[in-house]
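In order, the protein sequences belong to chains A and B. Note that our numbering numbers the first sequence so that position 89 is 89, with each residue one more than the last. Throughout, our numbering is defined as the position within the second sequence, counted from one, plus 1000.
Here are the computed lysine-lysine pairs in the BS3-like style, where the Cα-Cα straight-line distance is at most 25 Å:
no. : chain 1 : residue 1 : chain 2 : residue 2
1   : A       : LYS27     : A       : LYS159
2   : A       : LYS162    : B       : LYS1347
3   : B       : LYS1347   : A       : LYS27
4   : B       : LYS1389   : B       : LYS1002
5   : B       : LYS1214   : B       : LYS1281
6   : A       : LYS27     : A       : LYS162
7   : B       : LYS1347   : A       : LYS159
8   : B       : LYS1347   : B       : LYS1281
From chain A, some residues computed to sit far from chain B (all C-beta separations above 12 Å):
no. : residue
9   : PRO109
10  : LEU122
11  : ARG133
12  : VAL165
In case anyone wonders, no lab produced these hints; they're calculated from the structure. Remember, it's a predicted structure, so these values are computed and weren't measured experimentally. Quick reminder that beta carbons are idealized off the backbone N, C-alpha and C, glycines included.
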Amino acid sequence: MSDFNVRSDSVNVEQIMEQIRARIREKRGVDYTEQEVRELAAVKLEKFLDPRGVRSDLLEQFRKKESAETSQPLPNYEFTDQTLYETHRAPIRWIRQLLNPLLKLFFNPNPLIQALHIQSQLNTMTVERDAARRGLVQLQYEVLHNLVLETTRLGIEVKNLKMRVESMTGRLEFNERRARALESVVVYKSPDERERGGGGRAPHPEPAMPRPEPPPPRSEAPAQPAAPVAETSEGPGQRSRRRRRRRGRRGGGLASTIMGGPQAPATSAPEADAVREAVGGHDTAAESIEREMAADSMSGPETDDPGPGEE
Amino acid sequence: MKLAVVVQRYGPAINGGAELHARYVAEHLARHAEVEVLTTCATDYVSWHNELSANVETINGVSVRRFRVRHERDTTDFGRRSDHVFKLPHSVADELAWLDSEGPASPSLVRFINRNATRYDYLFFFSYRYYHAYHGARAAPSRAVLVPTAERDDAIGLSIFPAIFRGVRAIMYNSPEERAMIEAIAANQQVPSVVVGIGSEVPANPQPGRFRQKFNIRGPFAVYVGRIDENKGCRELFEAFLEYVRCESTRLSLVLIGNSMLPIPEHPRIRHLGFLDDGDKFDAIAGSELLVMPSYFESLSMVALEAWALGRPVLANARCDVLKGQSIRSNAGLYYETRAEFVETLKALEANRWLSVALGRNGRQFFREHYDWPVIERKYLDMMARLAKEPAGPGIEPLPGWLARRRRDRPAAREVVAALAAGPVVRSEAPRAVDTTQSQAPTRPAPPQAQRRSGGERDHGDRRRRGWQARPQARRQRPGGA
Chain A
1 MSDFNVRSDS
11 VNVEQIMEQI
21 RARIREKRGV
31 DYTEQEVREL
41 AAVKLEKFLD
51 PRGVRSDLLE
61 QFRKKESAET
71 SQPLPNYEFT
81 DQTLYETHRA
91 PIRWIRQLLN
101 PLLKLFFNPN
111 PLIQALHIQS
121 QLNTMTVERD
131 AARRGLVQLQ
141 YEVLHNLVLE
151 TTRLGIEVKN
161 LKMRVESMTG
171 RLEFNERRAR
181 ALESVVVYKS
191 PDERERGGGG
201 RAPHPEPAMP
211 RPEPPPPRSE
221 APAQPAAPVA
231 ETSEGPGQRS
241 RRRRRRRGRR
251 GGGLASTIMG
261 GPQAPATSAP
271 EADAVREAVG
281 GHDTAAESIE
291 REMAADSMSG
301 PETDDPGPGE
311 E
Chain B
1001 MKLAVVVQRY
1011 GPAINGGAEL
1021 HARYVAEHLA
1031 RHAEVEVLTT
1041 CATDYVSWHN
1051 ELSANVETIN
1061 GVSVRRFRVR
1071 HERDTTDFGR
1081 RSDHVFKLPH
1091 SVADELAWLD
1101 SEGPASPSLV
1111 RFINRNATRY
1121 DYLFFFSYRY
1131 YHAYHGARAA
1141 PSRAVLVPTA
1151 ERDDAIGLSI
1161 FPAIFRGVRA
1171 IMYNSPEERA
1181 MIEAIAANQQ
1191 VPSVVVGIGS
1201 EVPANPQPGR
1211 FRQKFNIRGP
1221 FAVYVGRIDE
1231 NKGCRELFEA
1241 FLEYVRCEST
1251 RLSLVLIGNS
1261 MLPIPEHPRI
1271 RHLGFLDDGD
1281 KFDAIAGSEL
1291 LVMPSYFESL
1301 SMVALEAWAL
1311 GRPVLANARC
1321 DVLKGQSIRS
1331 NAGLYYETRA
1341 EFVETLKALE
1351 ANRWLSVALG
1361 RNGRQFFREH
1371 YDWPVIERKY
1381 LDMMARLAKE
1391 PAGPGIEPLP
1401 GWLARRRRDR
1411 PAAREVVAAL
1421 AAGPVVRSEA
1431 PRAVDTTQSQ
1441 APTRPAPPQA
1451 QRRSGGERDH
1461 GDRRRRGWQA
1471 RPQARRQRPG
1481 GA
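Using the sequences and the hints, build the whole thing.
Encoded structure:
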């Protein structure tokens, strides 16, 4: 994080907070709160659905309606074989039972009683099913509501992630170009040259020459006299660069070939690796690197950089 | 001079905010006057169960007289009554029933005050919202000095309290925000008052190394001290901190000190150490990079003051007016309203060492000027000296008659609170004619009047960024402890 502009002992907290908020706005654009996400969700609902028919506060309206409905229980009746003759007056009940055989002379009340009984049971079942359906519908509405909210949230998140990916892509491209620029100025020297030159800087970048003798296996490379010197003279950054370079070029021919050297020796890639190990301290021309980096950064992210094969 | 400190619970093992505040004040005033504490036999702030015997004992050189609580709190009844008076129009009788239900209902304590008030020069009542303070202040209004420890919760919107705020002899506020809120609700500007707060016994030489070794803490860390609870904003803190951890090149860990009521995320950079004694707590704060205070409601954060006393910056929840106001006035803390702000402020404090140091230095200065014990004691003594010179006011207005008390004409408390202006008091207040002690510790040139931002005065962008989660409308039936 970069420093703040406030650089005095008299810190002003409000000023710092303003700067922090400005930075957040720069980074993320608009920062949506939970409430705003809900508002956005409501707006989206109105967009997608008919605003005259569906309200944005769908769930709330539904619940209100639901509670109004459920507050009034649906009417139903119990119908048994005695319902027709029921009364709270005992004498009348007795008379009705007494006259029941006479009534049956005129018509058969049993099918009527049975039908009404079945209807009563059907009513009860319908009420139960309706209650279950209401519960299900409420769940569906909740799911729908949550889906709309989550979709909105995801939409915003995707937007943010896209911006982040774009930013990271830019940085990655820049880093790649910088790495290539660094690679293009690395100079390889044979041990003989190193001994002759006393480890001094080469005036021009020269391609690495293959050793006259076949190189030993890689595991033996540290045993060679030059290797410890090279390892001690290298920093971790140089080593990691070398490793990266080696990874990038494995299977792509020798370093000297890739670096565009005049000779393209017929040594194999492991041999070339061994050569690099043996050579150890590749001499970096710091000034050249700086110049290259400066040129690279000045060229900007839009500049087309030639690939390693084209250099 | 003989003083009484009247508080709902009292004891060395009781660590509630208002109760600790009362104990500290009693022990420090005992150096200047004869102090007696009048309290209940309860130790549990939820049930008010009578655990201690009703007698007189001495704690740290202060005489403590205990009275029995008539009935324990029925949480269901209290919840139902709270819902009623906070959310619906109601009557004064409903509010009085709510107060009785909240407790600690100790008529014997009130009777004692009524009969023996003349034995004391002044009675300091702590926590306006409890039975003992309401009825105790009514029993001896001419000697009652109220330490409200009020927060912006629903209880402050009840109609029985403004009469108390207007009728007591003096009020000792914890913060300018608390004063502004109570004055807005009770129009009691004529009552002698002073913003005092509370000091803290901070060790001169904390040992952060000892803390790191004892708890195997490595690397820089932010510390949270307090109950780990949703009402304290800890859930938001966890979410925000996990977002911070996901950012590249961040190094701070979060160390949590206190009993947990919430599941704590399993993360290698979040450490929960449980409840620690004061020594470890101060070592932890001294070893931290900053203190995080995610609470929504505070009348005064003692732990924030302790962090400042130890030269550590504070990162506070901006939705707590008191914490935000203190951060701005002291220039010793940053604040956040959203996760993004939390992450950025934390990164800013982590990356800019000079900022952290400057804020810590300001905090130490702020503590010394306003919250050091000599300053606090002087404010109390000055207030009493002033009250001795001035005549007492008309007292507390009587309650309405039997019928008027049962008329349902009181608005829902929540509506009353929502209508109050919100926001921190951003500048030091001008010394009032009645407030002589305020002039003793000004940090900056004071404007003619306190500048308090009302909720409606916030700029649009500020409102847009207000909180990634809706601010809780009210603390859930806050059962006790300020």
